[in-house]
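Colleague: These are the residues of each chain, in order.
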Amino acid sequence: MLKTAKVILVLLALSVINYMPLSAQHANEGSSHGEESHGETSHGDESFNAGEFVIEHVSDAHDWHIASFGNTHISIPLPVIVYSKKPELHDGKSFHVFMSSKFQHGHADYKGFRLSHSEENKGKIVEVDTHGNEVAKPVDISITKTVAGVIVSVIILLWLVFSVAGSAKKNKGKAPSGLQNLVEPVILFIRDEVAKPAIGDKKYEKFMPFLLTLFFFILINNFMGLIPIPPFGANVTGNIAVTMVLALFTFFITTINGNKHYWKEIYNPDVPIWLKFPLFPLMQVVEFSGMITKPIVLMVRLFANMLAGHMIVTVFVSLIFIFASLFGAGVGLAASPISIAFSVFILMLDVLVSFIQAYVFTLLSALYFGMATADHH
Amino acid sequence: MGLVTPNPGTIFWMVIIFGIVLFILRKFAWKPILNALKDREESIANALNSAELARKEVEGLKADNEKIIAEARREKDVILKEAKEIKEKIIAEARDKANSEAQKSIEMARQQIQSEKTAAINEIKKQVAELSVMIAEKVIKKELSNKGEQEKMVEGLIDDIKMN
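Top line first, the protein sequences correspond to chains E and X.
Position 53 of the first sequence, counting from 1, maps to 53 under my numbering, and the rest follow consecutively.
Start counting at 1 in the second sequence, then tack on 377, and there's your number in my numbering.
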């Protein structure tokens, strides 16, 4: 218990260190770039732009920020992989791979690429011509902070699951040991409380690997997102592209496994004929949109929940600096215990939300699979 | 708008990473884990079943034992009862036999007495008859010593005959 408490304290301290210099960086940026880039949004010398601070914390980036001291930024550079349709701007080559440190945190252009400061493409890579005008956007498949976060989580996921698989093989016919004891109940929960009731005793086995991967992927990414120290803390499940891919996997598996009954419900539902074949095939449109809405709902639910969690934590932390910039450093310092208490509370809530969202995503996927493979009502 | 617009690069990597992870885990991790879980569940179920069977067997043995004991007890009771009956029968038989023997001897004694008595009576009768004849002889001899007396007697005899 004591050990756990110590670990939590250290994590909290580190998280504050992680957040604090960032605000200093923003304050500095606010003063130095005030005239050039966001003259209107700047509130003067000591201003702190909470909105920008929060958004920057939850959005994707081309480098992984660790800390800033004054104007010195410490961040992990991430690979930039871009394909340009205008090779003449980039030394005659179309395909470029380089580290994001070449941009010097957005202060320098590199081979005709630039981290944009403009309102529209902020933080994105754009192509610039010799006069420094943004002329095009390359095809960007860089390893961004989100992708790097996914890779870190996936390494943990693989390690976790393979160690469990190893001990499962080792302890065949024996009592489980170690990590197996932690993971197996979760697997059993997914199997007995999610897959079996939703899909049915006969067909559930086919979908188990996907449901388990889905659940553990979301859960681990949710948790990693809560740890505020790199290489964790990337807002992975609060990124709409990530949740979109997860939802698409569910959608395609549902569609591929849809049986005759499932498609009949969509194209020839059991309703009065005038609802199906008037001038306009009303029911078919409704059913088809239902098919499309399901993955969209999955995508938005996970995305919005995790994003909101991250945002609220960041907002509570930034309250310190809002108070400090409005009423002076002393007030900010006085407000910090309350802010931290609220942040901790929200983090605890986020742990719960992490479980719930992973569970809900998995359960709904299982329900959709169940609908796709159901024989009769 | 940046937050709600999916980034194509992230989608690209996410599809690749999640696809690979799904494939690897499906093939090399989930199958063995799920199989191990199933095996263990089955073996636990089997163990529980066999334990239940063993328990039932023991219970059966116990019931058998009790049945055997009860049977033995009953047999003992039966044997004791039989012995008692036999004893009583023997005693009764002995008594009967003794009784009948006694009866028989008494009967025999009685018969003997009877026959002795009869013999004695017959003897007495014979002697009485002889004595009577002797007496009658003497009386007749004395009576018929005179004439008158002889006639009187003949007349009396004739009267008797007449009356018949």
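Just so you know, the hints here were simulated from the structure itself, not pulled from any lab data.
Hints may be right or wrong, so weigh each one.
To be verified - For lysine to aspartate or glutamate, the following EDC-like pairs were computed, each having C-alpha atoms within a straight-line distance of at most 16 Å:
#1 LYS408(X) with ASP129(E)
#2 LYS172(E) with GLU419(X)
#3 LYS415(X) with GLU205(E)
#4 LYS172(E) with GLU528(X)
#5 LYS524(X) with ASP537(X)
#6 LYS169(E) with ASP416(X)
#7 LYS404(X) with GLU134(E)
Colleague: Go through the numbered hints given earlier and state which of them the structure violates, listing their numbers in rising order.
Modeller: Hints 1, 4, 5, 7 are the ones this structure does not satisfy, whereas the remaining hints hold.
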